[in-house]
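Colleague: Chains as they are written, first to last, in the working numbering: chain A, 31 to 247; chain B, 6 to 357.
There is no bait here: all hints are sound.
The list that follows gives simulated cross-link-like pairs (lysine to aspartate or glutamate, DMTMM-like), each with its CA atoms no further than 25 Å apart:
(1) B:Lys-21 x B:Asp-8
(2) B:Lys-14 x B:Asp-24
(3) A:Lys-76 x A:Glu-143
(4) A:Lys-76 x A:Glu-88
(5) A:Lys-239 x B:Glu-70
(6) A:Lys-242 x B:Glu-70
One-sided excerpt, in silico: chain B residues whose CB lies under 8 Å from chain A:
(7) Val-75
(8) Ala-164
(9) Lys-168
Stretch-level coverage of chain A by chain B, calculated; a stretch enters the list once three of its residues show a Cβ under 8 Å from a Cβ in chain B:
(10) 98-104
(11) 208-214
(12) 217-229
These are computed hints drawn from the structure, not numbers from a lab. Glycine included, every Cβ here is placed at the ideal spot set by N, Cα and C.
The lines below spell out each chain.
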Amino acid sequence: MDGLFTWVNIRFLLQGLGSTLAVSSVAILCSIVLGMGIAIARTSGKRLFSGIATVYIEIFKNTPLLLWIMFTFFVAQLPPLGAAILAFTLFTSASVAEIIRGGLAGVASGQYEAARSQGFSTVQLYALIILPQALRNMIPALLSQFVTTIKDTSFLWGAMALQELMGRGMILMNSYNSTADIFMIFGTMAAIYFVVCFSLSQVVRAYQKRIKKAQAK
Amino acid sequence: MLDTFAGYKWAALFAKWPDVLAAFGTTVLISLLALIIALALGVVFGAFSSSRSIVLRGITRVYVEVVQNVPLLLQVFVFYAIFPLLGVSMGSFFIGVFAIGIYHGGYISEVVRSGVGSIHRGQFEAAKSQGFGYWQMMFLIILPQAMRIILPPLAVQAANLVKNTSVLALIAGGELMYFSNSFAGSTSYYGPVYVLAAVLYFIICFPLSRLALYLERRTLAGHNVTTGDGKNEIPEDSTEVTPGTHDITGSAAADSLAAGVSIMQDTSGIAPAPAVPSPRHPLHVLSDPAKGESGRGEHPLTGNRAALAADEFGKELQQEQEDAPETHHRRGHSAKRDANGAKPHDGHGKGE
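Excised from the complex, chain A in its bound form (with noise of 0.2 Å):
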């Protein structure tokens, strides 16, 4: 066991962490684009928007996120970092759609109807007046779909081999061979990814507490 909690182990797997956060950060933000574009779609009220919405939502609901992440590495050939981004995109854009879908139906009607009595387009009225107010209301939902992400990016070490967190984890196993240090390794990967998911779970708890609180008032 000696040796085992070096700086450089310690390193090499906090860079695993580094990486398991930027895929998923940025898989999290893509996916609010897009699925901003598609709650839009779905809500706009035009039926081949809607449907195109819907299908999309369907289809990605009901199917598993490894396909996915098989898909855009060996069918769309793309390198890694990007298949990882993409797929995580395609499906995390879907709950997304949803999360959002909930929350602009949140905005009061009256919202809507002023900001078009005072001759807002459309862009501005969804830029200037109902996103932001959505948007408080839907960021707990979008950070436990954050912690979701986190969780599901241990797949792409077995995928395709993305040395993220887990597979940094993989990487420091296999170079030692005692039992209790594999043991070790592993618990403190498990731990840091609870440390991680369970604090911004916390987070997602204490928001929506406040604002719980702030609507009895």
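Please arrange chain B on chain A, whose structure you already have, making use of the hints.
Modeller: Positioned in the frame of chain A, the structure of chain B alone reads:
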């Protein structure tokens, strides 16, 4: 790019139809067995989390938080890579059944907890006053009534479980995803097999999520859902919810899970927004509820709101249970000698 989906590649895939069928069957079988384990764990731990014992509640909390905040793949690897070091090894089929069963057991226990929390406390009191034991009360009185709250998010969990069996591909699980990978790897015909896998997963998951939607709508149609008996038991302000909120762990997870249908993956519960505008908007008087959002938004009590009300009751119930020993003591002097140990009723008798 075009010949990614060339005809001969499809032919090669369909020539292997018995293997496809076997892999599909394995996915279904693993899902079913894992679902049984998840249900068993979910009911037991869900009942634990509404019990009086702080130890049982603590155990449940730890179980749920660990299972929900550590990636599923890591949990699978505990069985796959760590247990063998301790001398326990099992085939990837049973690893799948147990790991995924335990994982979703954590989620289902939160669903059950929120369902139990939705039952009017009069039901608990009535059951106890009739001399039911804790588990008898749970299985005979409470859970059957909580079913309507529990079922919609349960169907969502079932769909998620099926999707999550794909993780087993990474430990050579022999199921659909693994077959797809190995077929793609061995023939380098990547296109068709993943499309077919997507279709097959969709065939299982789509009906489940439709079922969830149907169940939720049916539940919402019956108004006496949340309290189990009363129609207008929920004060309006306690059901005011932020639309689209959810949580990945803890009490709010139950809210979002009970919001159910819109949960896409693991924990992302996306509740439809209530059409009733927030009282904080000065302009809310302008809005016309009849013109509100289409679909589920029209319901007076949408999933998230119902769930919040449910949680409200759960908390109340828990509070009451915490207070119970004292009050029981105080009452005890007069009531203890009552025949059959029946407790005196308080104002909630109307709940029967």
